[in-house]
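> What follows is the residue order along each chain.
4 protein chains.
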Amino acid sequence: MIIVMQVGASEAQVEAVANVIRNKGLEALVMPGEGRTAIGIPASLNNDQRTDLEAQISAMEGVSRVTQTSHPYKLASREYSKESRVVKVKNVEIGGDAFVIMGGPCSVESLEQFRSSARVVKESGATILRGGAFKPRTSPYSFQGLAEEGLRIMKEVGDEFGLVTITEVMSGDMVPLVAQYADILQIGARSMQNFPLLIEAGKSGKPVFLKRGPSATIDEFLLAAEYVLSQGNPDVILCERGITAFDRQYTRNVLDLGIVPALKEYSHLPVIVDPSHGTGIARYVRPMAKAAMVSGADGVMIEMHPNPKEALSDGSQALTPEMFLSVIEDLKRLAPYVSRTM
Amino acid sequence: MIIVMQVGASEAQVEAVANVIRNKGLEALVMPGEGRTAIGIPASLNNDQRTDLEAQISAMEGVSRVTQTSHPYKLASREYSKESRVVKVKNVEIGGDAFVIMGGPCSVESLEQFRSSARVVKESGATILRGGAFKPRTSPYSFQGLAEEGLRIMKEVGDEFGLVTITEVMSGDMVPLVAQYADILQIGARSMQNFPLLIEAGKSGKPVFLKRGPSATIDEFLLAAEYVLSQGNPDVILCERGITAFDRQYTRNVLDLGIVPALKEYSHLPVIVDPSHGTGIARYVRPMAKAAMVSGADGVMIEMHPNPKEALSDGSQALTPEMFLSVIEDLKRLAPYVSRTM
Amino acid sequence: MIIVMQVGASEAQVEAVANVIRNKGLEALVMPGEGRTAIGIPASLNNDQRTDLEAQISAMEGVSRVTQTSHPYKLASREYSKESRVVKVKNVEIGGDAFVIMGGPCSVESLEQFRSSARVVKESGATILRGGAFKPRTSPYSFQGLAEEGLRIMKEVGDEFGLVTITEVMSGDMVPLVAQYADILQIGARSMQNFPLLIEAGKSGKPVFLKRGPSATIDEFLLAAEYVLSQGNPDVILCERGITAFDRQYTRNVLDLGIVPALKEYSHLPVIVDPSHGTGIARYVRPMAKAAMVSGADGVMIEMHPNPKEALSDGSQALTPEMFLSVIEDLKRLAPYVSRTM
Amino acid sequence: MIIVMQVGASEAQVEAVANVIRNKGLEALVMPGEGRTAIGIPASLNNDQRTDLEAQISAMEGVSRVTQTSHPYKLASREYSKESRVVKVKNVEIGGDAFVIMGGPCSVESLEQFRSSARVVKESGATILRGGAFKPRTSPYSFQGLAEEGLRIMKEVGDEFGLVTITEVMSGDMVPLVAQYADILQIGARSMQNFPLLIEAGKSGKPVFLKRGPSATIDEFLLAAEYVLSQGNPDVILCERGITAFDRQYTRNVLDLGIVPALKEYSHLPVIVDPSHGTGIARYVRPMAKAAMVSGADGVMIEMHPNPKEALSDGSQALTPEMFLSVIEDLKRLAPYVSRTM
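Protein chains in written order, with the numbering used here: chain E, 42 to 383; chain W, 42 to 383; chain X, 42 to 383; chain S, 42 to 383.
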């Protein structure tokens, strides 16, 4: 931990900070700089010590800022596990050799619509079937999902086609219900910092698919994962799905692919990319899915609808079955290049 | 609703869109432009029609984008109520003539700490006492609040000093518990799109204090309010608390005061500004609180701690009791200028 | 052009706007909506008419906003030329079948350093040599480049190795000097809206390599290209180099690869990606260069330095010669997959 | 300066960095941390040492990042001058007791239009007259200004009414021409990092009004000021004019008023706020001008046009003469509250 003093901080103020540190039994290295002094603590602090010291010192007079030289996440970090985590769900491995495809419609709309979707997903060779039963919608007037009926359909269809299923859960109290039906719990971008939900998902014992919030930094993203992990659940899958930026006229979000190698370097968790939400435009899904693969992602999540024009949500970003199959074919041709199976 | 076709869209594609519109019994005005054609629908659509048409048309071939000429929120809009909403809680009015101060510590830490805080708040003439019992913390290793014990302390102290109380609720299932103790339910910035929570808060019958998400647009913010309002709860208070931007070195967030006149123009709901989170720096709270007042806000929420250096959370942005009283004095001097009482 | 009126605009205000339009000899389609009225102009306006009408109407009472249904750029648009532009410089084509590599150091530091760099670039099979003679540096205390001496070195070394050269020009009055030495004029991200420079570059007759500004929208980017094109210079090369976002801790910028398919759809100009500035991290250049290729870019610009540790600028993002050669090998293996030669 | 090593950096890598530091005759404090080691340099480095060391170390193996404990600007800093700079132009002081108003149209359109504007500015009691002769326009098809004819009109009218004049200069080679006519040189937001222009403006001997770039951090902003100051010109006036953010539907930019107290703390230069560009909406200029005053700004720049509906540029944000006079009256009533004269 390093404390940077304000310009013109008095010697007494510097000394006061150093004394707080020394009173904890730690060493304080006072480093005069150009105009401002820094104070380093050359020691490995545990979480309690860090929180405690930071809260106390940051409110002291003459202190400009307290910075950490280490990252705030532990269990999510590459230091914690040099070995990359492989999340196993039924016969599917996420983060292993195979490049994983999660496909399906935005919402489960009916048994028929979902079976049609599953048939295409199965035909493509993909192994994971997505579909929303509870839909987080910006407007209360938009379609909100079929709720438990949607979960039932998802489970039935998943079983029929032998596909692993994934669906979103929007609140902590719904975790037991959703966990009863789905193989993987998805936590949506807008819920990334829904802490009670993260804790319940952590307790569920189910793999958790965590989408990055639209303005979440990497630290905030990995700390959200840390909430799940700290409940004793090691199976967190990270998902980049586009961030909020200043130009929404051509794409809905900015897909931040540079985060893929960064997450791979700083964390041991698998990383999936969602080019459907990441661009919001069906015709840009193909190039961005390929870009995700070569940037080092472990898989992609792609929206597909048997008939996008009749989709009850997100029709403009869903692929038709033909486009979906064609994109997957493209990815299969590319997979050997990155030493991935598909 | 206006549909803009892609460049080079064929006449057949334009015609297909026009036919979808006409088949709903609506008129379609085809407007050729430079390179691209637009199609207008000169009619008042209800929500179902809008959702339906937008989903269907946006997935059609040749369509570039579908734009709405009206705002997506209804109950939150100024059209819905020309008269500004005054939220009444006990003897306090929010959105009326009086400029409202909500003060108190980030977290309820103990009976003693909270009573000290309340004494200062009362002394300042402020009417609303804030304090967190359940704390949304970025890191699972940070102090998480006293939970129900904190709520009990808050209620006891609020009653003792005759102050209206406000505290955050983080999930829908906790609404009944929190509503039992607190006068106003706060929905934090990170929960702004926690839709199950918004719905439960709407059902609670308690006034709801809704903080803007760090990257939420005005439309998204007012649609979140719409979730609460659409449950039959008219008492929503909007709060600007800073947005996420590209420079976090000097202030934690960017306080977007330009949103205040915009919210006042497009919505009838009261608007509060939180300069503590909006800047993250105790010494910038004073100028930003004053700026909030003259920009047209109905009040401010300010963090104050009897001893910021010992605060268990957010110490660097909390005012000392002396600073808090002095800022309130400053605001009182300024109030007549904006024709506000305090 | 579509005019959206404010909520509650009076009929007289609507009529006033319609009359302004009709007085120009144009048709005005009045479309009542939910709460607000829109007015469409079903005609192809020329630039003067658009500018004129927009300025006049946007200041009228009761008007909320004026939106364009067509894009504001013309010569840069795909409508202007269905055929993709191939920029030819000596024996090199940019935007043709070959995937183009532009490599070299951030700055020309000495003849020796630049010759070493050119040797590696040549060895890799790349065809374009980059190097800065005039350096735009955030701080006046950073190395500012060798100026004309740098240009001379660049030309000499380019001729020696048979490489096309590219270098940045920072102001309009320097264009003649730089054009005397360099094959391609680079306009840096911070100069994207330096309009006098864009005009002079347009007049120079040299191909212009235009980097996207760090917070430039696609419209702003293509309008900057339009400045060059409107001088009669058809040879503009667009470059995505990362945008400014909220997390600068792990990467310097966010590389916006989703812009590649969007630029390809809306413009006919070639698109290059710069993963060096786009990430600011040498070890992320490889995955992002590959991602750029599969996302549809026509080439990449990569910083390489014979000895990054001794670089006078941007050492942390420059590749060593070994890494550079290895990345190019990787791209060559990938090229057939996207039907590109290298 | 503090160097943070990568997780898992070897002892040899740490030692190598420490040796580079020691070889410069400096002390290296090695601080082991949780998972990663930091190395502090307890000394006041001059600029050459900093640049040199940072470039060298940031490219070494095992190094994660190099951070500075002091700010990169010197002459612009509060440390350099505890006393706030007062810029004197003719009989006007900027940064002194008086709150300064800069008013006038976006563009000088004709002698008649500019005289009408000046008459209103004079009548209001404002002292500085603005007007663009060379206009930086996003589109090459928009009105580009009257050029030298505009400068002549501005000078003539300024002299006639006894007003100080300010106008934008867009490139270094135009500085002598513009300096011949105008009292203050304005550098626009899009030119904030036009370094040749900053240098020429620094050499001109004229006060320089520097607008913050739309995505410039405070460090970048003050380093741009540093370019001017380092030419021996102490008269730089800083201007906040709104930053680029994610919601452009209601306001054109986000006015970042929190920067005002931050600039006042870290720099000694005067600070002006431009609520016209900061919001882009004429009816939001009044509240934001008042907010600027109470947040500690030294003045405001406000666009006014004798007839906004006929303005050739930026009509939607210009005030009418009546509104302008009324806003100034409002500010005059508020001035005593912040102990300012007007």
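Some hints could be false.
In this list, chains with the same sequence are indistinguishable; a pair is considered to hold if it fits within one copy or across any two.
[As the list claims (entries may be wrong)] Cross-link-like lysine-lysine pairs, in silico, DSSO-like; alpha carbons within 30 Å at most:
hint, residue 1, residue 2
1, Lys163, Lys123
2, Lys65, Lys350
3, Lys129, Lys373
4, Lys244, Lys65
Keep in mind the hints are simulated off the structure, nothing from the lab.
Quick caveat: nothing in here was measured; it's all calculated off a predicted structure.
> Could you tell me which of the numbered hints above are not met by this structure, giving the numbers in increasing order?
Hints 1 and 4 are the ones this structure does not satisfy, whereas the remaining hints hold.
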